[in-house]
Amino acid sequence: MPNIGFWATAGAGGGAGIPAYEHIATVYGNSSSSISFSSIPSTYKHLQIRSVAVSTASDSQADWFKIRFNDDSSTTYWSHYTQGYNAGGGLASYGFSLTGGNLAAFTNTIFNSGTTNVSPSIIDIVDYASTTKNKTMKCLSGVIRDDAYDRVVISSGSWPSTAAINKISLIVNSGNGFASTSRFSLYGIKG
Amino acid sequence: MPTQTYVPLANLTLSSSQTTVTFSSIGQGYGDLVFVFAGSCLSGSADFYIRLNGDTGGNYDRWFMQGDGANTETFGNAGDSPFRVSRAVLAPGELTNITMNVMAYSATDKHKTVLIRGNNASRSTEAYMGRWGSSAAVNSITLLLGGGFSFAAGSTFALYGIAS
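Note that the protein sequences, when read in sequence, are chains A and B. Every letter in the first sequence is one number past the one before it in the numbering used here, and letter 120, counting from 1, is 120. Every letter in the second sequence is one number past the one before it in the numbering used here, and letter 132, counting from 1, is 1132.
Just so you know, the hints here were simulated from the structure itself, not pulled from any lab data. No residue lacks a Cβ here, since even glycine has one placed at the ideal position from N, Cα and C. Be careful, since some hints might not be right.
Residues from chain B shown here face chain A by an in silico Cβ test under 8 Å; the list is partial [to be verified]: (1) T1005; (2) Y1006; (3) G1031; (4) W1063; (5) F1064; (6) M1065; (7) T1074; (8) T1113; (9) R1117; (10) Y1128; (11) A1163; (12) S1164.
Chain B stretches covered by chain A per the calculated footprint, using a threshold of three residues with CB under 8 Å from any CB of chain A [claimed, not checked]: (13) 1104-1111; (14) 1129-1141.
Bound conformation, chain A alone:
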């Protein structure tokens, strides 16, 4: 049985090439209802957000976070998602738009069932710096509530704006905060 004990040195095995996937910033929850990545450089081709999130809500309230670009709160955002529930009730599929400029964050529901439970998501924002096309996103995420509504979700979204994205805000829908065990990391992908 191969047992691969190995090293964990940054750069090991990476060769001499220029990294194409770069860490831009990491933000942790601090009970604030929103976190932002600002002054995002336009030098990458795509962006990725990798997160684990939980709400500070003290009750059994379900919650989710929304995504806003460039502080745009007037444009209508669109989202579609397919989710599989723990309840085994079959796949559910939804599509909707949000006015007021808050993209439904791909049903990245976060739920406070003790801060050791976090809901994960990986969000890809494609061609974010383009000034000739609208912006699109895709996401793989999950929700952990320890009830029948635990789920895995695949979603997509669009922001119908040709502006280059230079700011991304993640906003808890209910106004509760991101607990301190929440982590949001932004990466740039070169192309």
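Since the structure of chain A is already known, use the hints to place chain B on it.
Below, chain B without anything else, positioned relative to chain A:
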């Protein structure tokens, strides 16, 4: 010199069939881990199992949805041992690819979550979320197949660390 963010930690191609593969002594200097598998099994039809830190207890919960061209399915259950990718299964002569993201693997203040995509073009595509109910940092990952089946020679296993 630019700092690498998506760092290759280990890469294995089996020269002969094996029943298990373990990545051990995983360093704690990254934010997430990404595991990529492409391969098949030597015989039978096998679920793909993923065990963290050698934990053989019923501490793994999973939720998935899948489509196989004829049917769709969603399912969830708690108390598995270990994570089980059970629709995009492995079979001889068929290529299955599985990508697993272990989120915040080195954190010690939260349970560990995984996001997985499993694909076998001859059978099914699957999206999967799992939770390992432990706040321990992940320091080893063991891959094995159900039913005691073996990974076929030529199967590849790669592990990456993503800095944060």
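Now the hints, each set against the structure:
Below 8 Å, beta-carbon pairs count as interface contacts, and T1005 of chain B has one with chain A at about 5 Å; its hint therefore holds. Annotation: interface hint on Y1006 of chain B holds; nearest CB of chain A at approximately 4 Å, less than 8 Å. A hinted interface residue such as G1031 of chain B counts as satisfied when its beta carbon comes closer than 8 Å to some beta carbon of chain A; here the least separation is about 6 Å, so the hint holds. With 8 Å as the threshold, the beta carbon of W1063 of chain B comes within range of chain A, its nearest partner Cβ sitting at about 5 Å, so the hint holds.
Checking F1064 of chain B against chain A: minimum C-beta separation of about 6 Å stays under 8 Å; hint holds. Below 8 Å, beta-carbon pairs count as interface contacts, and M1065 of chain B has one with chain A at about 3 Å; its hint therefore holds. For the restraint placing T1074 of chain B at the interface with chain A, the shortest Cβ-Cβ distance is roughly 3 Å, inside the 8 Å limit, so the hint holds. For T1113 of chain B, the shortest C-beta to C-beta distance to chain A is roughly 4 Å, which falls under 8 Å, so the interface hint holds.
For R1117 of chain B, the interface hint holds, the least distance from its beta-carbon to any beta-carbon of chain A being 7 Å, beneath 8 Å. With 8 Å as the threshold, the beta carbon of Y1128 of chain B comes within range of chain A, its nearest partner Cβ sitting at about 6 Å, so the hint holds. Among the interface hints, the one on A1163 of chain B holds; its C-beta lies about 5 Å from the nearest C-beta in chain A, closer than the 8 Å criterion. Given hint, S1164 of chain B at the interface with chain A, holds; its Cβ is 4 Å from that chain's nearest Cβ, closer than 8 Å.
As drawn, the segment 1104-1111 of chain B meets chain A at 5 residues by the rule of a beta-carbon pair under 8 Å; at three or more, the given contact holds. Note: the segment 1129-1141 of chain B has 3 residues with beta-carbon separation from chain A under 8 Å; the three-residue rule is met and the coverage holds.
Violated hints are absent here; each numbered hint is respected by the structure.
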